[in-house]
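**Q** Fit chain B to the given chain A structure using the hints.
If you're matching them up, the sequences are chains A and B in order.
Residues 269 to 511 (my numbering) make up the first sequence, in order.
Residues 1056 to 1487 (my numbering) make up the second sequence, in order.
Don't read these hints as lab results, they were simulated from the structure.
Note that the Cβ used here is the ideal one computed from N, Cα and C, for glycine as well.
Some hints could be false.
Between beta-carbon pairs, the in silico distance windows are [as the list claims (entries may be wrong)]:
1. B:1274 - A:499: 40 to 46 Å
2. B:1157 - A:398: 36 to 42 Å
3. B:1187 - A:422: 26 to 32 Å
4. A:347 - B:1345: 37 to 43 Å
5. A:438 - B:1274: 54 to 60 Å
6. A:429 - B:1208: 40 to 46 Å
7. A:438 - B:1144: 39 to 45 Å
8. A:497 - B:1176: 32 to 38 Å
9. B:1058 - A:479: 55 to 61 Å
Reference listing, derived: stretches of chain A covered by chain B, where coverage requires no fewer than 3 residues with Cβ under 8 Å from a Cβ of chain B [claimed, not checked]:
10. 351-364
11. 500-509
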Amino acid sequence: MLVWRDITVRYKQTVMGAVWAVVQPVATMLIFTLVFGRLARLPSDGVPYPVFVYAGLLPWLLFSSAVTHASLSLINQAHLLTKVYFPRLFLPAAGVGVSLVDFTLSFGVYCGLLAWYDRLPGAGVLALPPLVALTAATALGVGLLLASLTVQYRDVKHVVPFLMQIWLFLSPVVYPVTLVPEHWRWLLNLNPLTGLIGAHRSALLGLPLDAGALTAAAAVAPAVLALGVWNFRRMERRFADVV
Amino acid sequence: MTAPAIHVQQLGKQYRLGTAAPLTRTLGEAAHALLRRWVHAAPSRHAPAAREPFWALRDLDLSIAPGEVVGLIGRNGAGKSTLLKILARVVYPTTGRALIRGRVGSLLEVGTGFHPELTGRENIFLNGALLGLRRAEIRARFDEIVAFAELERFLDTPVKRYSSGMYVRLAFAVAAHLEPEILIVDEVLAVGDAAFQRKCLGRMGEVAGHGRTVLFVSHNMTAVRNLCARAVWLDAGRLVRDGEPAAVIQAYLGRHADADARPEMDLRDWPIRRGTGEARLLRARLLDAGGRVCGRFTRLGPLTLELEFESRTRDELNLSAAITTTDDGLKVLQLAHQDSPGFVPGVVFGRRKVRVEVDRLPLQCGTYHWNLCLHTAALDPLDVVQDVLRFTVEDDLARSPRPFRSTREHGLCSLPAVWRYVHAEEPAYAVQ
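Excised from the complex, chain B in its bound form:
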C-alpha cells in the first residue's frame, strides 16, 4: 500500500471563547498575570470564566490516499474549515499530528494574497510566488491561467476594480493551475455563475484524474456526489461518517433535516408576513396519519396541515397554502380550498381551526417550507406568512422500492399512476 497523501492522527484544535481574539491580551493584562504569579506562585482562582476552551476539532483520525477526491460535508461550525486550515499549514493543531506528503495548493478563501492595487497580471505572479512557484513556472502557465479565468481584457486593471465574480475566477484559476500534489478548496465556488462553477468542478475532476489528491468543502451535495469517490461528514469537530458519498450524504441530509424541522409553530410573532391583518394566522402544525406532530414525511404518503387563525373581517375568506423548496424558494405546489368542493370557509368572526389532509404527498425527497395565505374572496391579502413549518420528505422504501433516492433532480413532483402493458389483441390506438 502506498503511503497516504494526508494522514491525520488524534487531531484536535482548541480555541478559547470569550474574547474575540483569544490570546490578544494587552501588555497590562500580561504584566498583571505575571505579577500575580510571582506574588502568589499559584494560578489565579478567579480566571475569567469567559475563556472557556472550545474544541473546533477533536480526536480526528483520517487518512487519504494519493489520488483520492474527498468531499468534506457538515453544518456550519462543524470544523471543516479548521481542518483545511491545519492541512494547509496555516494554523497548527493543539493536539495530534497531521502529515502531508506533497505540495499543497490551497484555496481557503477567495482571492487571498491578492493585492487590490495590483493588476490581474501582477497578482497572478504574486499569488503564484506566495504558493511557492518560481517566476519561470508561473510564466509557463500564465496563458492557461488567463484563458481559464476568461479575463484577457482585464489583465492590466487593478483587481480592486474587479467584480467579485472576476476575483474568484482569477483566484481559482491560479490555485488550480499550480499543479499541486494536493489541492485543498474551501467553499469558494458559491460565487461565480453556473458555467464557471461547472468549469471549476471540471478542473478539479481533471486535477484528480492526474493522480492528485483533492479535498474540498462544499454545501453543494450534487457536486460532492458527482466529483468525489469519498465523502467525510464532520459534526462538532468529530468525524461522524466516512465512506461512499451517496450513503454519507443521505445520512447527513436526513439528520440535518431532522434537526431543523419545525413541524409546529406559533405564528403570532412571525416576522415575514404581509396583509392587512384583519385576519391573522395564530398557529400551524404538521401532523402524521395518527394526528401526531411530525416533521418528516414519506414520499406519496399522507400529510395533514393544521391551521389556527382569527378573523375580524366581514369579507368571505379564501384559504390557501403553498409548498416551497427551502434552498431556492421555488413554489412546488399549491393547495387551495376551492379544490375541495365540499369546503366553504365563508365569513368568519373569531377563531377557527382548519385541517387540510393530503393523502399522497407528491413531493420528491428534500426539505420544504410552507407559505400560508389568508385572502379575501377578492384576493386581497389579509395575512400571508412565508417560509414556515419546515419539513422533510424521504423515500419510503417499503412502499416504493427504488434503486435511487428520488430527489428534485428527477423532477419536482412524482405522481403515482396506473402502469400496465397493453395486450396485443387490444389495439393501443385505433387505426382507421
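Isolated chain A (complex conformation):
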C-alpha cells in the first residue's frame, strides 16, 4: 500500500508520469557511454559499451535508490511515525519496493536495448529474480541501518548521497572487474555489489561468472539484512520520541 502510494504520488502533477522512471537510467547510461566508453575508452569485456554499462546500472540503481529511499523514509514521514501505529519496518521496506518497481520499468527498456544490439539474453535471465532479491535484501539491510541512524543523527542524511557516489565507483559499474589487477581483486570482492553486478552481467550478457564474488555477495546479503533488522528493532521504540 505504501509502495503504491509513493509511486502514485511521485508522478502526480507531472505530464510525463512514469516515463521519468525510465529517463534516469537511460540518461545515466548515455552519459556514462559518452564519458567512460567514448572518451576514456574503458574496456567492456567485448560487449558494446552501452549494453555493458546498462547491465551494471540496473542493479546499481536498484541498490542506490533503494538505500536512499529507505534511509530517508523515516524522517520524511515523521508525521506518520508520531501519530499512527503500524509496523515501522514498512516504511523503509516501501522505499525498497518503489525502487523495485523502477527496476522493472528500466529492465523493460533494457530488453529493448538488447534487442537493438541483437543480444537477446538466453536462459541466464532465469537467474535474474534471485539476483534481484539478493540486491534488494542487501539494499534493505544497508537502508535500515542508515534509516535508524538518520532518525537520531541528521548528519547521515547528508552523508548518504556522497556515500552512494563513492560506492558507485568502488563497484564495477562503469568498468569491468578485469580492469583491476588480479591481486587487488579480493578487495573489490569485499563489496557485495561487485559480485551482484558481475552476476547480473553474466546472466544478461552471457559473460563468464565469477562464482567466488557471487558467493561472497550471497553471504553478505543476509548478514547485512539481519544486522539492519536487528538494529532497527532495537532503535524502533525511540523513533517517535526522537524523530
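**A** Showing chain B alone in chain A's frame:
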C-alpha cells in the same frame, strides 16, 4: 470479571527538556561523548544542565473495562495526549506497562496518514491500510465512510485542495468506521461545524453502544458529560480524580478556575484596550462582602467591583462595565452608572476610586471576564479595557439547594423571584 480492555500500571513517560528534539544529537557530539567515556571512564560532570528530565506521565494506574466510554480531561500539558499516544503504541513508556486488548483505532491528529497529493478515495484506502485493514474490508465500508463524511462530490479531488473541515470529516469517518475494539480520539472535533461534531459524538456513542471501548480527550465538558460513563482528570502527568463525569468535571472546573482567577489587576499596561486615553483605568479588583480581594463568587450572592482611574478630560464621564463569558465572549450583562440614580460621575480631574456593589449576582455557574469602560457623556470612548478580572461563579448549595449545577445550559442568568401558590378564593385573573 472480564479482563480489562486497557490496563495501565505505574506508567511513566519521560522527556528531556532543553533541546527541542531530546535525543537528536549530531554525530560529533556523540563521538565526543564516547571519547570522553573512554578517556575518563566516568560520566562527565558538566553534563548540560538544560537536559533536565521532564515527566509527561508519572506513576499512572488505570484500568478500563471493555465497553466503557471514558473521557480524559485536564489542562494543556497534563499528559492526556501522551497517554493516548502510548495506548496507540506510537510511543513507548519509559516506565511501567500498558496492556491493550483488541484492535486500536486511533485518531490522534486530524488527517495524519493522509497524503496531500492523493485523492479522497485513494486516501481512504491508504489510511485504512495504515490502520491495519485489508482492501476488501475497506471496500465493504467505503460507501458508509463516504456518506458519513458527506464528501461524495470531492472523492476524486486531491485532499490538498480540501478545506480543513473536509479533511477532518474524512479522517474521522475513516477512523470511526474501522470498527476497532478500542477507539482512541484526541481533541480533533474542535474543527468541523456543530452539526458534524454532533454527528461524530453520535457515532462515538454508537461505537460504544456496540460494546467497544472509547477513550477520548476533550475540552468540551458537555460532550464528556453526555457521552461518558466515566471521566478521568489528569494533571501534571498524574491522575487527580477518576469517577462519575459530573463530579469529576465539577471538581476540575472548580480547581481550574481558581488557578486562573485574576481578581486584582494592574491595568496600566493592559494591551487590549481602545479609546483616546484622556482618561485611563489604572487598577481594578473584585471584592467579597467583607471587602477582601476574591476571585470566586456564589450565584445570587454579593460582589463588589472596585475601579481606580485617572482623568484629564473636561467632558463629563460615563462609567460602565460589562460581564462577558470567558469561552465565547458573550456579553451577559451590563452595569451602567445611570442605573444607580444617586451616583453622578461628573467631570473628574485627577485620580478617583469607584466601588460598584452588586447585591445578588444573577450569573449562572461558570467563568467570566469584565469589560471596563470609560466614555464621555457623548459616548466617545476614553478607555475601554476588555477581558480582565477573570472570576468564577459557583452554586451556593446552602442558600439554594438545587439537584443540579446551574450552568449556562439553563439560561444565561438566574433571577430570584417571589414564588407562591395562588389560593383558590383569590382569582388568578379576573374573569369578566
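**Q** Take the hints in turn and mark each one as holding or not.
**A** Now for the hints, and whether the structure bears them out:
1. B:1274 - A:499: 40 to 46 Å: At 41 Å between Cβs, range holds.
2. B:1157 - A:398: 36 to 42 Å: holds, 41 Å
3. B:1187 - A:422: 26 to 32 Å: holds, 30 Å
4. A:347 - B:1345: 37 to 43 Å: violated, 55 Å
5. A:438 - B:1274: 54 to 60 Å: holds, 58 Å
6. A:429 - B:1208: 40 to 46 Å: holds, 43 Å
7. A:438 - B:1144: 39 to 45 Å: holds, 41 Å
8. A:497 - B:1176: 32 to 38 Å: holds, 34 Å
9. B:1058 - A:479: 55 to 61 Å: Distance hint for residue 1058 (chain B), residue 479 (chain A) holds at roughly 58 Å.
10. 351-364: holds (count 4)
11. 500-509: As far as the region 500-509 of chain A goes, the hint holds, because 4 residues have Cβ atoms under 8 Å from chain B.
Taken one by one, the earlier hints fail for this structure only at number 4.
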